[in-house]
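> Sequence:
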Amino acid sequence: MVQVLCHSRMRFLAGRWSRKRKGWRRDVVVVQCGSSSSSKRRRDGGKADVNEAATLKGRLAKALAKGSISALAILLSYTGAGMDYSPLASSLPRFDPGAGEAKALALAGLAAEEDAVVNIFQQCTPSVVYITNIVQSRVGGSLDIADIPVGTGSGFIWDKQGHIITNFHVIKGASNVKVTLIDKRSYDATVVGFDEDKDVAILKLQGISSDVQRQLMPIKVGRSEKLLVGQLVFAIGNPFGLDHTMTSGIISGLGRVIQSQSGRPIRGAIQTDAAINPGNSGGPLLNKTGELIGINTAILDPSGKGANVGVGFAIPVDTVKGIVEQIITYGKIVRPYLGITLAPDSTVAQLGKKGVLVLDVPEGSPAKGKLQPTYRSFTGIVLGDIIVSLNGNYIDSSADLYQQLDELKVGDTVKLGIERNQSTEDVTVKLGSRVTTFES
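Residue numbering for the sequence shown follows our numbering, starting at 6 and increasing by one per position.
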């Protein structure tokens with residue numbers, strides 16, 4: 006905050022109020038706006054005063070119109086030739102230290118906050134893209150095949166190689182994917198890989214020139230492990246087809262669990278009240294420095310109409326980074342797994358039990374010979390094992406089991422608590438690897 010303390014004919018004294026840990030500090034600056042001599046005024050009859058005053062007045066008016074603090078650098082009160090700058094000087098904000106910090110923030114804070122948000126939008130928008138999901142379908146009753154847009158979403162540029170990150174559900178079932186950049190140019194994109202369990206997909210732009218590739222602006226990647234409830238966040242995306250729309254809010258909650266397209270839980274989701282609507286999916290959630298902290302993914306929609314009610318969710322960037330790096334570097338995703346097929350949670354609930362029911366244990370499974378599947382006998386259906394704990398942690402549903410497995414590595418040995426034939430026992434299983442490979 007800058008305050009005019011006093012001003013004279015050709016110079017003024019300005020005080021800059023800055024926020025410090027122990028209160029407000031004033032830095033006093035003397036600004037020399039010009040020079041004039043009485044002899045010069047006597048020689049030209051005051052013409053120099055008139056010209057100089059007119060020039061300075063014009064510069065000051067332009068600076069004030071832009072809301073620029075640089076207006077202070079040309080502020081003066083000039084009484085010669087009938088020029089009075091007092092009205093212009095009085096139009097600048099003044100600060101009374103006796104009014105306390107609240108008034109200082111009211112005078113100086115709002116403009117600074119707005120400027121910071123504008124900067125985030127300007128810096129990050131070139132990294133955000135518009136994604137169109139296209140499927141091939143017959144038109145009407147004819148045999149002609151046409152490309153039909155069936156959905157849109159958002160994404161963001163990951164690197165200079167043209168990799169684009171979005172949600173898997175944005176491009177699911179697509180015959181072709183179009184990516185539109187900030188300059189409105191559209192390019193075909195291929196699917197490099199995806200993790201349906203985490204709702205993350207990686208695309209790569211096709212047919213871009215070296216000039217376009219150099220102009221790509223990858224998003225700044227932050228971290229999500231130290232986020233706090235109450236932090237400011239910003240979402241940029243294309244809701245309802247309105248390209249590059251920005252909304253703001255706070256982190257409303259952390260560690261939420263949402264369901265992916267595969268039905269498996271995504272843990273650690275970020276909850277925010279920043280408006281997220283259809284078309285925002287796959288777009289970035291940013292912190293106050295413009296760094297990526299999550300991918301906007303889902304909303305809580307009690308109405309079923311797809312409208313925002315102030316409860317949105319984003320996949321944390323720390324989860325996304327691991328998936329993206331695996332797919333781009335190795336072309337595959339490796340996850341630990343038990344190698345069993347589970348019954349729906351509702352089946353176990355109908356039995357009046359908690360846990361997960363084993364339906365099948367296929368050949369080659371790490372659990373083969375360790376867990377008993379469900380099967381049909383001459384007397385009826387014989388229930389398989391019901392897993393009720395893993396390494397001492399209770400398992401009430403399939404979501405609990407998947408969450409526990411996410412924290413383990415391939416090759417880990419786990420102790421499963423199971424119910425079998427009306428009794429409880431423990432079995433150990435060494436986790437195998439489930440590899441999803443993507444062709445380059």
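Incorrect hints may appear among the rest.
Listed next, the in silico BS3-like pairs over lysine-lysine satisfying Cα-Cα at most 27 Å (straight line) [said to hold, decoys possible]:
| hint | residue 1 | residue 2 |
| --- | --- | --- |
| 1 | LYS231 | LYS183 |
| 2 | LYS373 | LYS326 |
| 3 | LYS293 | LYS373 |
| 4 | LYS209 | LYS326 |
| 5 | LYS165 | LYS183 |
| 6 | LYS420 | LYS358 |
| 7 | LYS177 | LYS231 |
| 8 | LYS337 | LYS359 |
| 9 | LYS293 | LYS359 |
| 10 | LYS177 | LYS209 |
| 11 | LYS165 | LYS359 |
| 12 | LYS358 | LYS293 |
Hints in this document: simulated from the structure, not taken from any laboratory.
> Taken at face value, is the distance from the CA of LYS183 to the CA of LYS165 at most 27 Å?
holds, 18 Å
> Against the 27 Å threshold, does the CA-CA distance of LYS337 and LYS359 hold or violate the hint?
Outside the cut-off at roughly 35 Å; violated.
> For the pair supplied as a hint, LYS420 and LYS358, confirm whether the alpha-carbon distance does not exceed 27 Å.
holds, 20 Å
> Is LYS177 close enough to LYS209, meaning Cα to Cα at most 27 Å?
This hinted pair holds, its Cα atoms lying about 15 Å apart.
> Does the alpha-carbon distance linking LYS165 and LYS359 stay inside the 27 Å limit?
violated, 49 Å
> Hey, LYS231 versus LYS183, does the alpha-carbon distance stay inside 27 Å?
violated, 35 Å
> Regarding the pair LYS373 and LYS326, is the alpha-carbon distance no greater than 27 Å?
Answer violated: LYS373 to LYS326 is near 33 Å, above 27 Å.
> Just to be careful, I want the Cα atoms of LYS209 and LYS326 compared with a cutoff of 27 Å; is the pair within it?
Given that 27 Å is the threshold and the Cα spacing comes to 16 Å, the pair holds.
> LYS293 and LYS359: Cα distance at most 27 Å?
Status violated; Cα separation ~43 Å.
> Tell me if the straight-line CA distance from LYS177 to LYS231 falls inside 27 Å.
Violated: LYS177 and LYS231 sit about 32 Å apart, past 27 Å.
> Are LYS293 and LYS373 close enough, with their CA atoms no more than 27 Å apart?
Between LYS293 and LYS373 the Cα gap is close to 51 Å, so the pair fails against 27 Å, i.e. violated.
> Hey, LYS358 versus LYS293, does the alpha-carbon distance stay inside 27 Å?
violated, 47 Å
Going through the hint list in order, the structure does not satisfy hints 1, 2, 3, 7, 8, 9, 11 and 12.
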